[in-house]
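Asks: In order, the protein sequence lines correspond to chains A and B.
Per the working numbering, the first sequence starts with residue 1, numbered consecutively.
Per the working numbering, the second sequence starts with residue 459, numbered consecutively.
Calculated directly from the structure, the hints in this document are not laboratory data.
Even glycine gets a Cβ: it sits at the ideal position worked out from N, Cα and C.
One or more of the hints may lead you astray.
Derived lysine to aspartate or glutamate pairs resembling DMTMM-like cross-links, with alpha carbons at most 20 Å apart [as the list claims (entries may be wrong)]:
| hint | chain 1 | residue 1 | chain 2 | residue 2 |
| --- | --- | --- | --- | --- |
| 1 | A | 427 | B | 528 |
| 2 | B | 558 | A | 392 |
| 3 | A | 301 | A | 105 |
| 4 | B | 582 | A | 424 |
| 5 | A | 117 | A | 138 |
| 6 | A | 381 | A | 392 |
| 7 | B | 596 | B | 494 |
| 8 | A | 317 | B | 537 |
| 9 | A | 317 | B | 540 |
| 10 | A | 317 | B | 562 |
| 11 | A | 427 | B | 537 |
Quick list of simulated restraints, FRET-style, between CB atoms [what the hints assert, rightly or not]:
| hint | chain 1 | residue 1 | chain 2 | residue 2 | range |
| --- | --- | --- | --- | --- | --- |
| 12 | A | 285 | B | 543 | 29 to 35 Å |
| 13 | A | 349 | B | 553 | 19 to 25 Å |
| 14 | A | 453 | B | 547 | 48 to 54 Å |
| 15 | B | 543 | A | 424 | 47 to 53 Å |
As a plain string of letters, each chain reads:
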Amino acid sequence: MKQRNSGIPRRRLFVGAVAIATAAAGIATLAPQTSTASSHREAPLVAGEPRLDNSDFYAFVSPDNPDTVTMIANYIPFQEPNGGPNFYSFAQNTAYDINIDSDGDAQPDIIYRWSFKDNFRDQNTFLYNTGVVNKLTDETLNFVQTYNLDRITRDGRLNLVQNGIVAPSRVGEASMPNYERLSNQAVVNAGSGIKAFAGQSDDAFFADLRVFDLLYGADLSEVGQNTLKGYNVNTLALQVPKSDFALRGNAYRNPVVGIWTTTSRAGVQVSRLGMPLVNEVVIPVGKKDEFNASRPKDDAKFLDFVQDPEVPKLIEKIYMIPAPATPRADLVEVFLTGVCKACGGPIAVDLNSQLLNQDVDRARFVPSEQLRLNMSIAPAKAPNRLGVLGGDTAGFPNGRRLTDDVIDVTLQAAEGALLAGAADAVKGLGDAVDANEQNFRNHFPYVAVSNVKAVNES
Amino acid sequence: MRKNLTIYRLTALALIAGSLAACTAANADESDLAPEELPAASAFAAGTCASTAQDVLGLATLARKIASAESVDAKGRGELRDRQARIAQFRANAPEQLQKPLQDLVTSIGYVRIRFNGQTYDPKIVRQMDDTRRAYQKLCVG
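Only chain B is shown next, with the shape it has when bound in the complex (with noise of 0.2 Å):
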């Protein structure tokens, strides 16, 4: 009997903490962010772009399932710094038609994760860094 509640509170306890999880990263898809269509990796230019290609694309997949979320988990976070860090790397050796842009990308994103980690969220701030992240993107791509 006792094991019994024990399984039974396990799996409420599971299922909580899984609505919960599912809630974070929740509404992706009543983000208002614009469709898009992503390129391949491989459709960046060489260089620059194409170093910073995966961590692009992964940033405008992240951004549609935070965009509607009232707060993104450590995993969340940790991926939007290391992105960031990843495409900081590239800032001083950037062919100068990409250095505005590339820092407008970086800094857009240092807005989003201070505003989670300060509880001060606005979905905006998540659609100015996709709209830097596009308008960026579109210099690679062409």
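In isolation and in its complexed conformation, chain A is listed as follows (with noise of 0.2 Å):
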């Protein structure tokens, strides 16, 4: 289980890298297949497969090292801290993929794939543990789980870390008195400033699920819950330089990407995950487990789904305000365009469309569901929770960062609190929980400390 870093320029291992790989080994073979197979539990496919669940996405310039980007992937949403004695694991023979789109073609330019593999030390023990673990290469850390990171772009396959160390799911005061230290030594330095980490973590979405229970208890009398609240998940964290994935490597020129996950078993893609609460709230469930197998540059097939999304209708059902006129062009250009003055939407004002990149072809440029991120917008010293909503440009829609109220800013958007005129009221709706409980780390990987009390304790 060493973990690999280079010492080695990580262009010659590239060069080397891609002499191995086939063509075939390439983006087109690695783009997921076409099946009708997977954010929290949000299609009924995925909802029965919780490791390869990506619940939540987030991305945004790392604040405390403002020339990278952070990306952060939860998976097994609403695990019960004391669940063991087997816990939470990521799955074998499964890629869990990070993509990226520099140039707005709605393809992957660079994919940042993890694989795992379970690896234990004694298995003539039920114990996940058979004693103190202090550190993550303890002997007494019976079920060890391990990660290969690689870099994949149509060149080839760039191996940046080799047999990481995952950190264990937080068994308990006793097994693991030191659990934060023991979470932090699972941060790997790949070379070349590039940052991984893949381990349990408190679950950092906030939110009242109870909107499920016919839009919060069908008056949303039913909020200010944090329904999240003492569970955990699994994170994998990656901090990246942004010259290594802006378009032609120029970040300045070319400061947007557009970033997605996939979740793929066998080749099959189960999970697609870029902004947040699509497919929980705009895609109808007959089409949740299509939009989880499908690729971006197939989305004109939801494109009546964004355009006349469901929540406002719901709304002026119960509350009698009209829901804003459809089609919506403010929608598509927060979900599928980016925001820019040329992208064709109400919102006339360049974030965080491929579009503004320098060296974009636009003859190229499809529309697609995508987390877009505007690399070129520096950190808030101050974030605010409603990002853009809020006067906060560094924050969502432009990336996902883990404090931003997301909840809330898509139902004011839902609303149509980017169109002109919005009413002053529409600028307040949302659930009643603003943030998280637990504060977040000030250092990669950001994400909280995984809860070890139970959370009917918590």
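Since each chain comes alone in its own frame, lean on the hints to assemble the complex.
Replies: Following this line, the structure appears as structure tokens:
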């Protein structure tokens, strides 16, 4: 379980890797196959496959290292902290991918791929750990999951981390008396300014999920309770220099990237996530599995759901507040093209479309659902939870930070907050859950340390 | 002794509950809604105006009660909902000059309801509802 890290210059490694990797191992083959198969339990199939279920995805300019971008993907939602004896691990034979589209053609230019392996030191015990665990390499940690992390482009595959060690599930105070130290040990410096992390953490998402009880109890009265409080997730985090994935490697001329995650088992994609809440509340139930198996380049088939969303109609039914007129060009801009003056929508601001990249080929631009980030916008010193709606352009929907209140932003946007003449009242809509209970770390991987108390005791 | 204690506790609870109830609809006199002398219902013009008069005037009274409150109890929320529903019934057949003001009133009540229910209440939302109500009322009473 030696963690590889390159004293060797990464470019040289890359050339070597290209020689080995075949073209078939490139982007084309690695692109997911279409199949009707997978954010928190948002689609029928993936709800039964929590290890493949990407519940949330975040991407932001690293606040303590602003020449880099941090991406965080969470899996296996609703982990009860005491859920032993096998606790929570990533799936084997599964590709956990973060896809980067820097030229706006709705296809990945770079894929960062994690693949995992289970390792037991002693299979003749039921224990996850056989004694106190102070270090990831302690013999007392019976179950150890390791991973490889590769960077894949059309030119081939570059290994960034080999046999990295996953931070284990937090078993309890007796087993892991200093879990934060253990978690921090799982941060791998992969060279060239890249850092990686895999392991358990507190679920950073904060929301009142009673939204699904006929829209917060049929009248938005069921709000104010963070349903995710106390639960853990498994986190993949990656910090990469901006130049590593900007178009032509130039983040000054080409600062915008689109990012989404996919999870694929045996080559079949079962989960896809870019912008939050799309598959939860924009895509109808009959299309959710299809969306999870789909590729951004084919997103035209989901256009109607973005242009004519369901939530404003529900609110109109309950509160007699007229839904904004459709088709919703504002939401198309936010979800499908990114926001820019030349994007054709009503939000005449240059924010986060790949069309803002100076070297982009406009003719090849394809509208698609991605989490778009303009890396040239510096991190806010005092982030506003409402992101762009709160006047903070470093936040959602320009990427997504851990502190961004995407429920409130999305609800307000759905009710027309981005449209000219929007009622003042729209700007206060939300679920009355405004922040995560746990403080986030102020360094990579930023997510809060996983919970140890049973949810029914916390 | 035990009986006295029970009575004492019940009395204390009643006092606390009474105080809380008062708080909910408190500060009516501290409302920054502009002073207004409400017209009689009979002053509303015949037709849609007269049909909506009781609810429009009731809304004016309610607005003064809730404008400075931090929350509204179930009864208040129910009253908002019911008055909105009754006013909304008259939108379709309202004379053209009343249609938009009536719709604006219904919408503004909706915003107050959703903001109270969603625990994101802001007094200015009630002020906006009251402004909308006054605009409609002015058309009706002249």
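Asks: Which of the numbered hints are not met once you compare them with the structure shown?
Replies: 2, 11, 13, 15
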